[in-house]
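With chain A held as given, fit chain B onto it using these hints.
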Amino acid sequence: MSGDHSDATIARRVRRLETLLEDKGVLSGARLDEIIDASLTGASPANGARVVARAWTDADFRARLLADGTAAVRELGFMEGSYQRLRVVENTDTTHNVIVCTLCSCYPLRLLGPSPSWYKSEAYRSRVVREPRAVLAEFGLELPAGTEITVWDSSAETRYMVLPRRPEDTDDLGEEQLAALVTRNALIGTAAV
Amino acid sequence: MARINDVGGTEGFGAVDITDDAEPFHADWEARVVGLLGALRAQGIFNTNEFRDAIESMPPREYLSASYYERWFEAICTLLERKGVIKPGELDELDG
Chain A
3 MSGDHSDATI
13 ARRVRRLETL
23 LEDKGVLSGA
33 RLDEIIDASL
43 TGASPANGAR
53 VVARAWTDAD
63 FRARLLADGT
73 AAVRELGFME
83 GSYQRLRVVE
93 NTDTTHNVIV
103 CTLCSCYPLR
113 LLGPSPSWYK
123 SEAYRSRVVR
133 EPRAVLAEFG
143 LELPAGTEIT
153 VWDSSAETRY
163 MVLPRRPEDT
173 DDLGEEQLAA
183 LVTRNALIGT
193 AAV
Chain B
12 MARINDVGGT
22 EGFGAVDITD
32 DAEPFHADWE
42 ARVVGLLGAL
52 RAQGIFNTNE
62 FRDAIESMPP
72 REYLSASYYE
82 RWFEAICTLL
92 ERKGVIKPGE
102 LDELDG
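Chains as they are written, first to last, in this note's numbering: chain A, 3 to 195; chain B, 12 to 107.
Everything labelled a hint here was simulated from the structure, so no lab data went into it. For glycine and all other residues, C-beta sits at the position ideal for the given N, C-alpha and C. Treat the hints with care, since some could be wrong.
Stated by the list, open to error - No more than 20 angstroms apart at the CA atoms, straight line, and that leaves these computed lysine to aspartate or glutamate pairs for EDC-like:
| # | chain 1 | residue 1 | chain 2 | residue 2 |
| --- | --- | --- | --- | --- |
| 1 | A | K26 | B | D103 |
| 2 | A | K122 | B | D103 |
| 3 | A | K122 | A | D9 |
| 4 | B | K94 | A | E24 |
| 5 | A | K122 | B | D64 |
| 6 | B | K98 | B | E85 |
| 7 | A | K26 | B | E101 |
| 8 | B | K98 | A | E140 |
| 9 | A | K122 | B | D17 |
| 10 | A | K122 | B | E73 |
| 11 | A | K26 | B | E92 |
| 12 | B | K98 | A | E24 |
| 13 | A | K122 | B | E34 |
| 14 | A | K26 | A | D9 |
| 15 | A | K122 | B | D28 |
As the list claims (entries may be wrong) - What the simulated footprint calls covered on chain A by chain B, stretch by stretch (three residues with Cβ under 8 angstroms from a Cβ of chain B suffice, anywhere in the stretch; the number is not a length):
| # | region |
| --- | --- |
| 16 | 14-21 |
| 17 | 38-44 |
| 18 | 109-117 |
| 19 | 131-143 |
Next comes chain B alone, as it looks inside the complex:
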């Protein structure tokens, strides 16, 4: 079965919002996510294919409700847990 990211040809996504917003980042956290990805990949903690797979295997509801860089962040967290760099829930425990 196709994964949720394989949207080519599917119907129901509505009109294209053609607003031209080619500034690289729309918030500082988006830039930090790009930095995190680059640093973790450079250190060999995971590679591009693993990263892409982590995005594409997101549950459809989460994938569709997340923005572009939110998907990147979720994928990074997933891989860091899978690789044992952080423990499940460790990110949430730091709260407060």
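The following block holds chain A by itself, in its conformation from the complex:
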């Protein structure tokens, strides 16, 4: 490798490979466009927020979600046909959960939307399993000393999503209004709602 990681250099190399593969008849640019579009269709943190709001307002759904996340989110039309398992982990007044993929970047994309760079960074992956309390504080989430923190390390087969605590004084809010309160970071566990 040249050590030159400028954007122009890599952009040129990618273009060259695409041309080379087209010349060899291995692929077409139009096919790439389709795949790029498909990779993003339907991936949004609004989906995860909908799941959370349903769990906050429907105790039976919440029980099903915690027992078998994959099956429960399929009730709402998410992760259909996926070979991955989803495990939903619930925050309480004494426990907090946060997710990571120490080996790379596994993440429930359809429910959380595209991941931010920090989720894929060596700094987050290496540190959140060793000193989660300090890392969460860097995100502005200061947890009481008595709160137990569990860090969930994702794998190729199992993805995690956090079920945050429902904020106080929200009894009068409907499912849609509740969903609007839920952020992507709350679903990762680096924020509260």
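Quick look at chain B alone, frame taken from chain A:
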């Protein structure tokens, strides 16, 4: 021995840059790399496990100096050479 990607618990990577940048791609070439991966995998030229292995077996210095999608691109090139789809150096010869 653990591979370089197995960073959980290691020290020395510094503070987390928490800048929120969840737009899917930061440059057009990143999207093209995602497209390349999808197309080559769909055609059965290599599978997900081979792709993951190609990233994880990158030499540590290259792994650490590459961005996320640069790793993907390097892994794709490695596999295309290994599978005989492109010849070693063929990508560079197209230069100029």
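- Task: Would you list, in rising numerical order, the hints stated earlier that this structure does not obey?
- Result: Hints 2, 8 and 14 are the ones this structure does not satisfy, whereas the remaining hints hold.
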